[in-house]
Each structure stands twice: as structure tokens, then as C-alpha cells.
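Construct all of the structure, not just a fragment, from the sequences and the given hints.
In the UniProt record's numbering, the protein residues as written are 1 to 475.
I should point out that these hints are in silico values taken from the structure, not numbers from a laboratory.
No false leads were mixed into what you were given.
Here are the computed lysine-lysine pairs in the DSS-like style, where the Cα-Cα straight-line distance is at most 30 Å:
#: 1; residue 1: Lys265; residue 2: Lys168
#: 2; residue 1: Lys151; residue 2: Lys324
#: 3; residue 1: Lys324; residue 2: Lys178
#: 4; residue 1: Lys265; residue 2: Lys178
#: 5; residue 1: Lys168; residue 2: Lys151
#: 6; residue 1: Lys151; residue 2: Lys265
#: 7; residue 1: Lys324; residue 2: Lys37
#: 8; residue 1: Lys354; residue 2: Lys178
#: 9; residue 1: Lys168; residue 2: Lys178
#: 10; residue 1: Lys391; residue 2: Lys37
#: 11; residue 1: Lys178; residue 2: Lys151
Pair by pair, the computed Cβ-Cβ distance ranges are:
#: 12; residue 1: His53; residue 2: Arg174; range: 25 to 33 Å
#: 13; residue 1: His402; residue 2: Ala246; range: 33 to 41 Å
#: 14; residue 1: Gly264; residue 2: Val135; range: 14 to 22 Å
#: 15; residue 1: Ile453; residue 2: His403; range: 15 to 23 Å
#: 16; residue 1: Asp305; residue 2: Gly264; range: 55 to 63 Å
All C-beta atoms in this analysis are idealised placements derived from N, C-alpha and C, irrespective of residue type, glycine included.
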Amino acid sequence: MSNKSLQPVILAGGSGTRLWPASRQLHPKQFLPLLGKESLLQQTLRRLEGLDHETPLVICNEEHRFLAAEQLRQCGLENAPILLEPEGRNTAPAIALAALHATHEGNDPLLLVLAADHAIANTTAFQTTVVNAVVLAQEEWLVTFGIVPTKPETGYGYIQQGEPLGSKGYAVRRFVEKPDVATATSYLEQGDYLWNSGMFLVRASAYLRELEQHEPSVLQACREALPESGAGADDIYPFIRLNGEAFTHSPDISVDYAVMERTGKAAVVPMDAGWSDVGSWSALWEIGEQDASGNVIRGDALADDVQDSLIDSGRQLVTCIGVKDLIVVATPDAVLVASRHHVQEVRRLVDELKNRGRSEPHQHREIHRPWGCFDVIDNGNRYQVKRITVKPGARLSRQLHHHRAEHWIVVSGTARVTNGDNTYLVTENESTFIPIGQEHCLENPGTIPLEVIEVQSGSYLGEDDIVRIEDPHDR
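Below, the structure is given as C-alpha cells:
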């Protein structure tokens with residue numbers, strides 16, 4: 001890696017609360033296919049294709065590691081390093097970790113810091129703007145990308161342009177917080193204000209120097225948290241694990257507050273590429289494909305005399321009649337109905353659900369695992385029914401349960417079952433029984449997904465009644 005190398009750093013640690021019920025704590029918006037068949041993270045990675053860059057570094061929360069690893073694998077990036085934060089400490093520490101990792105062998109690349117949950121319609125314009133910013137970053141300016149505003153938006157911070165730096169960028173005159181409508185309108189009329197995108201291009205060493213000057217406690221905590229080798233990937237996945245106790249000593253602070261608003265080397269390069277932070281359901285409505293009535297409709301939905309609304313359904317049919325300016329989102333376990341003009345308040349609703357001890361803010365009914373996923377399709381007193389999908393070549397841990405027995409019925413594919421001392425194949429329309437306390441394992445030896453209906457029966461059916469004897473996923 002040379003000092004002129006471009007090192008993408010993808011920040012994938014957000015929770016996406018305002019896009020509930022699609023986005024949950026254990027499956028947030030960056031891992032969801034909200035704007036096409038691929039997730040926002042995967043679209044961010046695809047956006048780099050055509051740029052001359054090193055293998056991307058992804059930074060995410062520890063609890064999302066298998067989601068990130070699987071989506072990178074689907075993009076052909078199964079060897080891309082994934083740096084795991086034991087808890088989120090905001091963007092200044094995250095970028096510090098990336099810079100320390102990138103420089104540990106004497107390298108000093110340019111870090112292209114991108115959020116994993118943004119949408120950009122014009123990839124060519126995005127890449128052109130990045131290339132335009134390279135010269136400034138090589139001169140050790142800390143470059144942020146300012147979005148050319150299209151309306152007096154009150155949901156974004158703004159950056160005021162200062163003196164020109166060459167023909168493509170400007171020194172930053174000041175950063176300003178989210179304004180009211182009148183102030184945002186004046187910014188738009190003035191013409192020298194840009195939306196703050198939260199994307200950056202900085203030389204790794206330049207960022208570390210500025211951080212050491214302005215927030216040395218962040219840098220110290222990150223140095224102590226990162227493995228000495230700068231790598232630390234385990235034997236199974238390209239995970240880089242931190243010293244969790246050391247990392248929690250870092251202040252929870254954004255890169256804007258820690259560095260960009262204090263440094264004398266802040267620069268901004270305007271970007272006009274159809275950018276959105278996908279920060280709410282109304283934002284998805286704005287950038288979605290609208291029909292003649294101004295509706296964005298996804299999934300199994302029927303609208304009659306409906307205008308300017310977003311209807312997003314999962315497996316169930318959703319019908320709407322005679323409404324306007326609505327957001328209707330249905331998942332297998334929750335439904336949101338909201339005014340399109342009040343979607344910023346979804347976070348408050350999610351907080352109330354958390355206060356009531358509900359599971360819906362945290363996870364979907366369908367739970368993803370490194371080997372595939374399962375969906376609880378029915379449950380009652382002393383029984384539970386799951387639909388289990390195992391990826392080709394994957395297997396679950398060898399385990400046992402103290403309180404439940406399991407019946408497995410294969411509906412698609414072929415299962416290799418370990419049941420005590422016996423190992424055998426179970427094919428479509430066949431079944432097998434796992435007694436209480438029996439060591440067992442389920443594996444998919446085939447080339448197509450394995451679909452199994454699991455019927456559990458017993459006195460306790462919680463997920464914590466799993467004793468793992470051997471786990472290929474190192475959990």
C-alpha cells in the first residue's frame with residue numbers, strides 16, 4: 001500500500017431507529033435492501049467499483065459481525081477486514097481506529113470515509129468528486145464532502161464555504177447545526193452553504209495528528225484498544241477485535257466536534273450526486289420510484305385513491321383506500337402507520353416500546369445467524385414452530401437442550417443430521433426426532449438452501465436453553 005493509495009473505510013455502526021419497523025437494533029437499516037435488491041451497505045461497496053482503491057475496511061458493531069461478513073461475501077469481498085466495536089463511540093474514534101490500522105506497517109493512505117447507510121443516485125458524479133478531492137487530501141487538508149442543497153432542509157447540518165482552494169474545493173468557513181426553516185432558506189439563497197454529508201477524505205497520519213492535538217484521549221483509547229499487530233483477524237472470519245475495556249474509555253464524540261470544527265485544515269468539496277442519508281421514511285418516499293399519484297409502493301400492496309404515500313409490505317397484503325401523505329410499513333410482527341410529515345417522531349415511539357420491554361425494537365421475527373436464519377411461525381403453551389433455512393455448506397453448532405425436544409421435517413434440500421452417535425441424511429418429505437438432552441447438529445451438505453420445519457416441545461423453549469459443545473462460528 002503506497003502513500004497515494006485510497007483506502008475506503010465504511011462506517012456501518014448505526015442503529016437506524018427512525019426506519020422502524022424495518023430497521024431493528026439487531027438488523028439495522030444499513031443491512032436492509034431498502035432501495036433495490038442489495039442492502040445499503042452493499043450499494044455503498046458497489047459505488048467504489050471503478051475507483052482505484054485498496055480493499056475496503058468495514059467498521060461495525062460486534063453484534064452485527066455475521067451480517068456484515070455475509071454481505072461482504074456476497075459482494076466478493078470475503079477477505080475484507082471487519083473491525084468490531086464492542087459498543088458505538090461515534091465517528092471520531094471509529095476513524096481513529098481505521099487510521100491506526102491503516103498505518104501500522106508504515107503505510108499512510110488516504111482514507112475515504114463513507115457511511116454504509118447513505119444513498120447516492122449518480123455514481124459517476126460521486127466518483128468524480130472523490131477524485132477531485134484527492135489533491136487536497138494529498139496536501140493534508142481534511143476534506144469533507146458538502147452536498148449541493150436542493151431545498152431549505154432542516155434535518156441536516158450545513159457547511160459554509162470559505163476561500164477557494166484550487167478549482168474544486170474550499171476552505172471551511174464554519175460548520176452550523178441544523179437550522180430552522182427561515183435560516184435554511186437564507187442559506188439556500190446565499191449560495192455558499194452545503195449540506196454536511198458526513199463523508200470524508202483524509203490522509204491517515206494527518207487525521208491522527210489533528211486528533212492528538214484536539215482530542216488526545218480519543219487517540220489514546222483507540223491505541224490501547226487496537227491489537228498491537230493492527231490486524232487481529234481470527235481464524236474463521238476477517239474480524240478485528242478490540243480491547244473492549246480500553247475502547248470504552250474513549251469519549252463518545254463525532255469527528256465534526258473532535259476535529260473538523262477545530263482544525264485550521266478543514267476543506268470542503270461540493271458534491272452533486274443525488275445524495276440522501278436515508279434518515280426517515282419520508283426520505284425513502286422522496287428518493288423512491290413514485291407512481292402517477294406520487295406513491296411509492298413496495299411488496300404485496302394495493303392502493304385505491306391514495307396520494308403521496310409510501311406503502312411497504314412484507315409477506316402480508318396491505319390495502320389502503322382514500323388516504324394521503326401516509327407512511328404504512330408492515331413486517332411480519334409489526335405495523336407502522338404515520339403521517340409522512342411526522343416520521344421523525346418514530347424514534348420516540350421506539351423508545352416507548354423499549355420502555356415497555358417489547359422485543360420488536362431489538363429484533364425481527366426472522367432471526368439471522370451466520371449459518372442462515374430462522375422464523376418463529378407459531379408458538380403456544382409448551383410448543384414452538386420454526387422455519388429454519390441453512391445456507392449451502394453451512395452447519396449449526398453441535399448442541400443440546402435441557403428442556404425441549406425437537407422434530408425436524410425437511411421440506412427442501414437435504415440435511416445431514418448428527419443425532420447422538422449417529423449421523424445420517426434426511427431428504428425432502430422426511431423427518432427425524434431429537435430427544436431432550438441429546439447432542440445434535442444440523443448441516444446442509446448440498447448446493448441449494450436447506451429448508452426445515454422445526455417443532456419444539458417442552459417445558460422451556462427460550463434461546464438460552466442451548467448448550468454449545470462445538471461451534472464452527474466461534475460464538
